[in-house]
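Enquirer: One letter stands for each residue in the lines below.
Number of protein chains: 2
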Amino acid sequence: MSTLFGDKLAIVNLGLASFADAAHTQGADVIHPEWQPPAAGERDTGLALASLFQHPKVEAANQQAYTAYLASQPAWVGMDRALAAIPGMGARMILHSGPPIAWGEMCGPVQGAIIGAILFEGWADSPAAARTLAQSGEIAFEPCQHHHTVGPMGGIISPSMPVFVVCDSEHGHLTFSNMNEGLGKVLRFGAYSDDVLERLAWMRDELAPVLGLAIASVGGIELKPLMAQALHMGDEVHNRNAAATGLLLKKLVPAILRLDIDAELKARAIEFVSANDHFFLNLSMAACKAMLVAAEGIPGSSMVTAMGRNGVEFGIRLSGTGDTWFTAPAPVVHGLFFSGYSADDAAPDLGDSVITETAGVGGFAMAASPAIVRFVGGAASDALAHSLAMREITLGQNPAFTLPALDFAGTAAGIDARKVVDTGIMPVINTGIAHKEAGVGQVGAGITHAPAECFHQALRALAATIAD
Amino acid sequence: MSTLFGDKLAIVNLGLASFADAAHTQGADVIHPEWQPPAAGERDTGLALASLFQHPKVEAANQQAYTAYLASQPAWVGMDRALAAIPGMGARMILHSGPPIAWGEMCGPVQGAIIGAILFEGWADSPAAARTLAQSGEIAFEPCQHHHTVGPMGGIISPSMPVFVVCDSEHGHLTFSNMNEGLGKVLRFGAYSDDVLERLAWMRDELAPVLGLAIASVGGIELKPLMAQALHMGDEVHNRNAAATGLLLKKLVPAILRLDIDAELKARAIEFVSANDHFFLNLSMAACKAMLVAAEGIPGSSMVTAMGRNGVEFGIRLSGTGDTWFTAPAPVVHGLFFSGYSADDAAPDLGDSVITETAGVGGFAMAASPAIVRFVGGAASDALAHSLAMREITLGQNPAFTLPALDFAGTAAGIDARKVVDTGIMPVINTGIAHKEAGVGQVGAGITHAPAECFHQALRALAATIAD
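Sequence lines, in order, name chains P and L. Residue numbers for the first sequence follow this note's numbering, beginning at 1 and rising by one. Residue numbers for the second sequence follow this note's numbering, beginning at 1 and rising by one.
With the rest of the complex left out, here is chain P:
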């Protein structure tokens, strides 16, 4: 004791910084690490975390899930109509993004897109009649992700819409996404004017068949190598797909050119894809969904296999907890707004495109895409920092997706809900921001994080499935 009081103290302070300040003013050397209690100090979640920490069943299950994710080999193999292609799709069903939600609870852009889909299907002949039908309960609304399907923003897919068909050749399952319409007034932001519906009809009647013939003629296009190459060309394949779309075009164009169809059909298809730098996004999403479907359903696994937002709630699923969604209010997105818009105009976080982050690209791969900070805000160093931070909450680094700016390290992938709850580091998401009202369109883009509460719920549910 005499030594203790005689020597100069070297203090490590955890928690309240004011304790460190007090010691510091007394002349002591104080180290104050950035620290917060695991599970944000919540007792039940903390106990669940403790029970799952280094649990051999969880470790083995995660290894199995992560290995399956890594092994996935998604390829774009064709085009089809949603009703014919998507398992469980109904003739009077409309799919939407995120976790389940009833018509009356949906946000403006999603309701608008549903009105558009009803008009597109010819189930009603006016927006008012479409709204009445949507309210009537005669249309089934189900999440895309209940059907191995993903859709950006509203994610609205109705039976006659064309969908990308992606096949994981390693595991044999199929995943689906709708086709990207471009920017401006488009269905996924809730627009349903005549020009929107006419474009959708052209995509169904002309574009999708041309692309289907082209894909058939080349026997499919492997998506992971294309995404990997795009990561070396400034894309993160969520909000930046300029390189990926260009690489896709390089494969599509020669195939389209050799089709035995009218030259004008070829030119219009190529020009449409060429004019939309986001065209690849929906294929990126379907590929990511395929990788994550591969990791689903491993009892005990704390790996996150789905995230999605319906504009009201953010939901996640774990491999070890099956089809259950764990939800919390959808967060706001902090970012850059287009001229004339502000945070007051923004809908909460929306869409299934966060499936890209779930698979280790998007915000997780921002180190590949310093240019995206001009779109979502921040500095180039932030892009690196996001990719590095995600290593703290993931099962590994995907060697298929390397990041040049981090000396070709693989992107952090396989979100471990335990690590999220333990560290308090939430999965980073970069995303477009929709106007809160139907049909206005995109008003900005930015960065947000998955809500902690989803992971707390999920971890408690997972712990309940594990016998000590």
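Watch out, some of these pointers could steer you wrong.
To be verified - Here are some chain P residues pointing at chain L (derived, C-beta under 10 angstroms):
| id | residue |
| --- | --- |
| 1 | Gln229 |
| 2 | Ala230 |
| 3 | Leu231 |
| 4 | Asp235 |
| 5 | Thr245 |
| 6 | Glu264 |
| 7 | Ala275 |
| 8 | Ile372 |
| 9 | Arg374 |
| 10 | Ala383 |
| 11 | Leu384 |
Unchecked claim - Here are the simulated distance ranges between beta carbons:
| id | chain 1 | residue 1 | chain 2 | residue 2 | range |
| --- | --- | --- | --- | --- | --- |
| 12 | P | Leu265 | L | Pro209 | 56 to 64 angstroms |
| 13 | P | Ala23 | L | Thr25 | 36 to 44 angstroms |
| 14 | L | Asp44 | P | Ala275 | 58 to 66 angstroms |
| 15 | P | Ala263 | L | Ala275 | 17 to 25 angstroms |
| 16 | L | Val12 | P | Gln36 | 41 to 49 angstroms |
| 17 | P | Thr67 | L | Val12 | 57 to 65 angstroms |
| 18 | P | Trp202 | L | Pro127 | 55 to 63 angstroms |
| 19 | L | Pro399 | P | Asp125 | 49 to 57 angstroms |
| 20 | L | Pro399 | P | Ser169 | 44 to 52 angstroms |
| 21 | P | Leu265 | L | Glu105 | 53 to 61 angstroms |
| 22 | P | Trp202 | L | Pro209 | 28 to 36 angstroms |
| 23 | L | Val332 | P | Thr67 | 40 to 48 angstroms |
| 24 | P | Ala22 | L | Leu9 | 53 to 61 angstroms |
| 25 | P | Asp260 | L | Pro209 | 22 to 30 angstroms |
These are calculated hints, taken from the structure and not from any lab test. The C-beta atom is built at its ideal place from N, Cα and C for all residues, glycine as well.
On the provided structure of chain P, position chain L as indicated by the hints.
Expert: For chain L alone, kept in the frame of chain P given last:
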């Protein structure tokens, strides 16, 4: 004095590090900055540097030259045959890369490419006869850059070869480059086998006319915006042109599709461009040449307006010293060699492609292209360091070419020979490495630096033009 001997010494040591070591062992605090005498300690060059340092005429001339460089707006406006398009091109003339050189002095790849060009023109019917003709003195050999023309590697351009025509709409001058043949056995590395000559004939007879029609139909393609976009997609538009070629294709393909020509011609042209990620290089070079021609001929200016290598000598020109080349032996390139090759196989630094670095891209813009270190060696941090170091020897940062990883700072541009001589920092070049024997092709890629001696000579010559 008593204070000096009584106090502890704080020493700044310049030059020999051993002096600092000695003081350090005596317990003194020593700062040893990285420093070397200006002009590498050479008296005459040092005096020239001193006479030009902050000289109002040089400052004003550099401002004028740099402003003209920045203002240049090069566009690809058409295709033509070399003899018809290039001013001063002769019917029995062959252009080569770098500064002037006689047949007998040329390196293997350049001699091989000239033999190929003679066969291609039909001036001889065997390689042996072509060599005899080349030795005879009946063919004029002149540098590409004497004719506003640039060619990668050997840079061999003969009268009937097709060339890109680039027009600087701001200043009205034209620049030219040949077309990129792809990798492997190609003329620019000195190959002249039948397949090489057949490809060149196809490019002349079919590809160039198709591209010429396409360009005419769109009224030209602006090159600076395309290069700027590629810099945001992982290219540095010297050794990496994957994104730029893709962006070019997006403009070319719709134009080609609408041409009233046979579908197979369209398909072959698009497939050739699509299959060669280096296709854009020659357009990048012609665009860079256009920007630098704009800065030529300003009396007193120490801005470097040309660099080039003929495989034996490296040469530079300054704006203020007109057409004079200042040369030194071409350096070796340090880099990564393809499987089966080593530094023993390498030709010295070769080609006019260093015009890209002269214009502030290529090695100067490596911060845009971390993925290129897999091709030229080094780590991602080296790519950033090269771009930062070049700020020390340039007149400014080009706002048209921004580097996302450096928070969108403009690339360092406008090499000031005074700053090169003062700092001893030499312009960095990333470049392909040719086999020293004709026709083997590319054996690697790497990093080198322009030789200091060129800048010393140039600065002494510039000083002689300036009246104090």
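Enquirer: Does 41 to 49 angstroms hold as the CB distance between Val12/L and Gln36/P, or does it fail?
Expert: holds, 46 angstroms
Enquirer: That 55 to 63 angstroms hint for Trp202/P and Pro127/L (C-beta), does it hold up?
Expert: With Cβ atoms ~57 angstroms apart, the hint holds.
Enquirer: Measuring from beta carbon to beta carbon, are Ala263/P and Ala275/L in 17 to 25 angstroms?
Expert: For Ala275/L against Ala263/P, whose Cβ atoms are near 22 angstroms apart, the range 17 to 25 angstroms holds.
Enquirer: How does the Cβ-Cβ distance of Trp202/P and Pro209/L compare with 28 to 36 angstroms: does it lie in that range?
Expert: holds, 34 angstroms
Enquirer: Go through the hint on Asp235/P and say holds or violated, using the shortest Cβ distance to chain L against 10 angstroms.
Expert: holds, 8 angstroms
Enquirer: Starting from the range 44 to 52 angstroms, see whether the pair Pro399/L and Ser169/P falls in it by beta-carbon distance.
Expert: Check passed, 47 angstroms falls within 44 to 52 angstroms.
Enquirer: Between the beta carbons of Leu265/P and Glu105/L, is the distance compatible with 53 to 61 angstroms?
Expert: Holds - the Cβ-Cβ distance for Leu265/P and Glu105/L, about 58 angstroms, lies within 53 to 61 angstroms.
Enquirer: That 57 to 65 angstroms hint for Thr67/P and Val12/L (C-beta), does it hold up?
Expert: Given about 58 angstroms between the Cβ atoms, the range holds.
Enquirer: Take the C-beta atom of Leu265/P and the C-beta atom of Pro209/L, compute their distance, and say whether it sits inside 56 to 64 angstroms.
Expert: violated, 26 angstroms
Enquirer: Given Ala275/P was flagged as interface, is its beta-carbon under 10 angstroms from a beta-carbon of chain L?
Expert: holds, 9 angstroms
Enquirer: Using the Cβ atoms, figure out if Ala23/P sits within 36 to 44 angstroms of Thr25/L.
Expert: holds, 40 angstroms
Enquirer: Do the numbers back the hint for Gln229/P, that is, is its least Cβ distance to chain L under 10 angstroms?
Expert: holds, 8 angstroms
This entry does not satisfy hints 12 and 24, going by the numbered hints stated previously.
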